[in-house]
Amino acid sequence: GENVEQHPSTLSVQEGDSAVIKCTYSDSASNYFPWYKQELGKRPQLIIDIRSNVGEKKDQRIAVTLNKTAKHFSLHITETQPEDSAVYFCAAVGTGRRALTFGSGTRLQVQP
Amino acid sequence: EPEVTQTPSHQVTQMGQEVILRCVPISNHLYFYWYRQILGQKVEFLVSFYNNEISEKSEIFDDQFSVERPDGSNFTLKIRSTKLEDSAMYFCASNQAQSDGYTFGSGTRLTVV
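Residue numbers (my numbering), protein chains in the order written: chain A, 1 to 112; chain B, 1 to 113.
Please note that a few of the clues may not be correct.
To spell it out: a stretch of chain A is covered by chain B in this simulated footprint if at least three of its residues, at any positions, have a beta carbon under 8 Å from a beta carbon of chain B; those stretches are [what the hints assert, rightly or not]:
id	segment
1	22-34
2	39-53
3	73-80
Hints listed in this document are in silico derivations from the structure and should not be mistaken for laboratory results. These numbers were taken from a predicted model, which means no experiment stands behind them. Backbone N, C-alpha and C fix where the C-beta goes; we use that ideal spot for every residue, glycine too.
Could you put the whole structure together from the sequences, leaning on the hints where they help?
Written out as structure tokens, the structure is:
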């Protein structure tokens, strides 16, 4: 089945700096890669996703890049704000499984 | 914006007791999922459900677990005989098409004592 690795497990940045979170996946046929933000005690919320037919997608301060050859994808947050502080999870859908497999999460702390 | 609703928000149960966690997915969604998250850990897949049957399940989803869609709106997860290690946040999710992002419910925190 699909295996998703996520790094780093924690990330601390100064307000205004950029943050990058990276994930790798094992199933080369995976075709859908969402990112979720989870605030303390709350549900995961979809913030951006990318499909295997594109290499990059951007939504305001958030962007995701996908390298299918290397089987990795990354989340980029620019001009970070304290309210970006949360746990971020990447996920992927592999063949033979139609449900998302999640990475282990990255705790992002933005220092004011 | 449509929501996935879950009840109860928190349930405490004695070890060995049965629990039923309830979910109401978004009305036009066709695919339903249960995930769990042990405190501080990642979100783990349990089971997916489509067309009134289980479409896939993980190794966590053993004979102690079952799912049901009893009335066309509710989607339930039953744990027959709870163990201490079943303590976790259980999230229900749904989507309209297989390749869409999921909408998660607010979760049920299950505490087994």
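Subject >> chain B over the segment 73-80 of chain A, status - at least 3 residues with CB closer than 8 Å >> reply: violated (count 0)
Q. Would you say the segment 22-34 of chain A counts as covered by chain B, given the rule of at least 3 residues with C-beta under 8 Å?
A. Contact hint for the segment 22-34 of chain A vs chain B: holds, 3 residues under 8 Å.
Under a C-beta cut-off of less than 8 Å, do 3 or more residues of the segment 39-53 of chain A approach chain B closely enough to confirm the stated coverage? holds (count 7)
Consistency note: the structure conflicts with earlier hint 3 alone.
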